Amino acid sequence: MELTLRQKEIFRAISSVEPLSQWYDWKWHMRNSIKDIETFEKLFGIRFSNKKREAFQKTVDKFPIAITPYYLSLINTDDFENDPVFMQAFPAPLELDVMDWDMSDPLHEDRDSPVAGVTHRYPDRVLLLVSNICGMYCRHCTRKRRVGDVDSIPGRTEIMAGIEYIRNTPKIRDVLLSGGDPFLLADDYLDWILSELQAIDHVEVIRIGTRTPVVLPYRITGELVNMLKKHHPLWINTQFNHPREITRSSREALVKLADSGIPLGNQTVLLAGVNDCPRIMRSLVHKLVKNRVRPYYLYQCDLSEGLSHFRTPVGKGIEIMESLIGHTSGFCIPTYVIDAPGGGGKIPVMPNYLISWSTNKVVLRNYEGVITTYQEPHSYNPQFCNRNCDTCDLQLELGDADDNRAVGIERLLSDYDQTISLVPSGNERYARRD
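For the sequence shown, this note's numbering gives the first residue as 21, with consecutive numbering after it.
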């Protein structure tokens, strides 16, 4: 895959002696991550005024900067200050405007943590933080308090304590690995974590949250994918926030993951000035499904410190949802949610299509504004239930169906069933036998 001219320029500005093939090595990008204003200026070919540089530096002193050369190469050099990639990657002095309602841990992940590194908020699933390192420090990150903090990188002992908590809590059936970015761990280390979790009988599903396909697509190597394939059922959610982030390189990363049989989802954050536009969001979801990624959530921006300039009114999110529902395929439409401050979890916030209802009818409206009615059944007799599940004797049939239970001619042909004949019901000869 040929590098763009901009990528070649950035590479040569970083290294004049290494072969261009190093660009495709994700570890090269991590080694050469842009972590200061001066390096950004050098690689981007600009010079900020002293006043701007001082303002940017004050922000970096509180909230660190880290941008991969790959993601830097996506910034539009002609209008970089209004570029959606630049706004997500480069520190803004507005981040220092911490409002009264801003919180370092708005979702109370730390308070809902029974052991270090585990957040147990919902009954049957937990969040397991396995890394504090990211390919890029997103300016809108809800975990600014943790990401990049080298003093709080979880070690094997801490991760094992989290795994033991999961092992000792049978109600947990779903584990989400996050951080930081789990894909910034070494393949064998991540393999160890996944193996330990899969060895727990009650863990049915493992999910991984990663932004590497967006900011560091070369991390999705053949070796990584081959390791992940051993751990099905595995689900991966990423975070594309703008159509311009879906590049040839990111598409190749998504192809590798999808072809390995891993279901892919996307969790977009609604960001003022970046994607708060119905046309942008529609283009994004269309490009995602074209690349076999299901739009999963559209997040209202959290109340983390210094994110006020990114937050939109909830009404903007509703407007975007109105522009999607009915106007495009149902599987293109994410669920718009507010992750409730204080640890209340994700609350869906969607347009209201149920206008009113009575005993016999409900009144609905569709995406066009057409108002219609739906007739309720005149007589509905539900199966009696005394709400006492512990003593339930109803035939709920919750177990898996037996797909080896052959019927008809298939039953006579099977080797595992001893039936030698099929007798029609009411056969007089058999009745005489009785």
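Hints may be right or wrong, so weigh each one.
[As the list claims (entries may be wrong)] Ranges of calculated distance between the beta carbons of each label pair, as one might list FRET restraints:
id : residue 1 : residue 2 : range
1  : Val382    : Met180    : 22 to 30 Å
2  : Glu272    : Lys336    : 55 to 63 Å
3  : Leu416    : Ile173    : 44 to 52 Å
4  : Asn386    : Ala136    : 43 to 51 Å
5  : Pro371    : Pro402    : 26 to 34 Å
6  : Gln415    : Trp121    : 45 to 53 Å
7  : Asn386    : Thr355    : 42 to 50 Å
8  : Leu374    : Cys412    : 27 to 35 Å
9  : Glu339    : Ser36     : 26 to 34 Å
10 : Arg271    : Ile367    : 54 to 62 Å
11 : Lys62     : Asn372    : 37 to 45 Å
To be clear, the hints were calculated from the coordinates, so they are not data collected in a lab. Just so it is clear, the structure is predicted and the values come from calculations on it, not from any experiment. Beta carbons: idealized from backbone N, C-alpha and C, even for Gly.
Taking the hints in turn, this is what the structure says about them:
1. Our hint of 22 to 30 Å for Val382 and Met180 is violated, since their Cβ atoms are close to 52 Å apart.
2. In this structure, Glu272 and Lys336 break the distance hint of 55 to 63 Å, their C-beta atoms being roughly 33 Å apart.
3. At roughly 46 Å, the beta-carbon separation of Leu416 and Ile173 lies within the given 44 to 52 Å, and the hint holds.
4. At roughly 49 Å, the beta-carbon separation of Asn386 and Ala136 lies within the given 43 to 51 Å, and the hint holds.
5. Hint check: Pro371 to Pro402, Cβ distance near 30 Å, so the stated range 26 to 34 Å holds.
6. Taking 45 to 53 Å as the suggested C-beta distance range, the pair Gln415 and Trp121 conforms, at roughly 52 Å.
7. Distance hint for Asn386 and Thr355: a CB-CB separation of about 19 Å, inconsistent with the stated range 42 to 50 Å.
8. Between Leu374 and Cys412 the Cβ separation comes to about 31 Å, which falls inside the hinted range of 27 to 35 Å.
9. Between Glu339 and Ser36 the Cβ separation comes to about 49 Å, which falls outside the hinted range of 26 to 34 Å.
10. Taken as a hint, the range 54 to 62 Å is violated for the pair Arg271 and Ile367, whose Cβ atoms sit roughly 33 Å apart.
11. Checked against the hint of 37 to 45 Å, the C-beta distance between Lys62 and Asn372 comes to roughly 52 Å, which is inconsistent with it.
Consistency with the previously given hints fails for numbers 1, 2, 7, 9, 10 and 11, ordered from lowest to highest.
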